[in-house]
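Novice: In the order they appear, the protein sequences are chains A and B. Reminder that position 184 of the first sequence reads as 184 in my numbering, one-by-one numbering, no gaps. Reminder that position 100 of the second sequence reads as 100 in my numbering, one-by-one numbering, no gaps.
Which bits of chain A does chain B cover? Going by a derived footprint, with three or more residues having C-beta under 8 Å, they are:
1) 135-146
2) 185-197
3) 202-215
Hints listed in this document are in silico derivations from the structure and should not be mistaken for laboratory results. Computed from a prediction, not measured in an experiment: that's the story for all the values here. The beta carbon of each residue, even a glycine, is placed where N, CA and C say it ideally should be.
2 protein chains.
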Amino acid sequence: MLTLEAPLDMHLHLREGAMLQVVAPLSAQAFAGAVIMPNLVPPVDSLERLTTYREAIEAAVVPHRFRPLMTLFFRAYDRATLEAARPAIIGVKLYPDGVTTNSSGGVSDLARVEATLALLEELGIPLLVHGESHGFVLDRETEFLPFYAHWAQRFPRLTIVMEHITTAGALALLDEYPNLAATVTLHHLLITLDDVAGGLLAPHLFCKPIAKRPEDRAALLAAALRTHPRLMFGSDSAPHPIHRKEAAGCAAGVFTAPVILPMLADLFERHEALDQLQAFVSDNARRIYGLEPPTKQVRLAREAWQVPERYGDVVPFAAGETLNWQIVEVR
Amino acid sequence: MLTLEAPLDMHLHLREGAMLQVVAPLSAQAFAGAVIMPNLVPPVDSLERLTTYREAIEAAVVPHRFRPLMTLFFRAYDRATLEAARPAIIGVKLYPDGVTTNSSGGVSDLARVEATLALLEELGIPLLVHGESHGFVLDRETEFLPFYAHWAQRFPRLTIVMEHITTAGALALLDEYPNLAATVTLHHLLITLDDVAGGLLAPHLFCKPIAKRPEDRAALLAAALRTHPRLMFGSDSAPHPIHRKEAAGCAAGVFTAPVILPMLADLFERHEALDQLQAFVSDNARRIYGLEPPTKQVRLAREAWQVPERYGDVVPFAAGETLNWQIVEVR
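Just chain A, with the same shape it has in the complex:
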């Protein structure tokens, strides 16, 4: 038996409309809260839009106790806007223009964001970043690291979260600057590019950033298992309907929401690190963000559970597989 106190998913895509209704309860059942990504169409870039979206999420997760930790899509916001938004947000999420799903309209000139970053630093609002360049697919995260380094130096009191890191290089950078933090997904602890494209091509494992080399996965896993103090779990669970995945042009995103805690329990147990899981899925995030999540105990048991083939029209990670752990009680 394993009891997790207030597990948090620090990077989550809940979508809108019918998809929100399907996926939000799955995260809300297992987690006390989650950082909600703002890359909708149109993006969540005003307090009004954010409030409407938060209310839709809150309605979709009834009766679960679950706090959506809202983010604003990065713009060159003025001080008044950020001050007004601050109580309603956990951070501002920066997307370079066009690097991932629904990121068009993101930042096209990274040299011009600094005035906004100065405001975020002054107001104590964390900056969350999809850190990829527009270069060759395997180099994008690595090519972005100098921006992290530059901002971390220039804005030493700004908390900068490198979202969904996938490389050993990003982890190394984490150790260089105390104001950097990072999230890592479940799937990047488990898969490499081999799983995506080494056998049959696997669209349901295709995501951005794309899974990298075995040595990258090994570094990420080692950091998660020893619970690097500035590494947080963030699923990047990103549902797409099956007709957008098994298609001539397959959308990026892995839908892990239903399987996260059972698979993390299995992974940490296999590496004899179950005692580190609480820090990885909750304590680190609470400390880094200064969060006080709702009280929630999630109990998992080592009991076999078969993952459904579909949730609505979305194929989950590990579809059809039998997992060793399952959630048996939430209170």
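Dock chain B against the given chain A, drawing on the hints supplied.
Specialist: Frame of chain A; chain B shown alone:
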């Protein structure tokens, strides 16, 4: 206007049955001959099977003048078998076990093939190789190069063809051993992993070996354009029905057969190397293999042509795109 004398596709998958009927005429129209891959289910590993298959191909390509250059699936054949097969084959094709479509039953211990390689050398039968290890997807070709080097040294009179090379490293090896030759595909001259997985995931561009880095493509293209004397065109055109491509597990193979010569003409024209195309698509192969292909003149004109969206239930490379060149006369 461009006239090609007896163009040859030195690496082609024609399949069997209904698929053969769809795809064989497309290659037979544009080419004077092609090297036919033996990885059917079961493999083409006897003279009887090979003869039946050749006859099926010859029936499928009527009325085109087209010579199927047959290959045997590598086994530890004895001398009598190879001597009997020799007049009927252009070479023996070696697949490490399980590295690509229908390669199960291939070679599982590369250290044990040498007696057969000695026979091939003695009998003057070329060895064609799918040169990939079982390692990380991006390293497989590179990890295989030492086998090529070892065999090239140990069997200096054996012609060894590195099939569908995708890396600058394989090209470099070509220059080290005079008994090495190589084929390169159309798609590996055009795409990188970015095209497969850098935007939306593109199952119709997924193949083995997978497309590599921009610098690899640049090296391959440069070698093709200057027509390295031991580099031959081999399409590796490999059709799969759409339900095997736009699927949870997508089969490896790009179906280029209908577009090869128009797209090669466009590519070589753009790089002001049209005068090199004859050597790349025919003369090098004739010299390396000592071939005398059937007489065939293929004339292309710089006239726009729209690629069909489908051939049967197969999606071709560049489906729906308008190409600058088309075949206007074959005689």
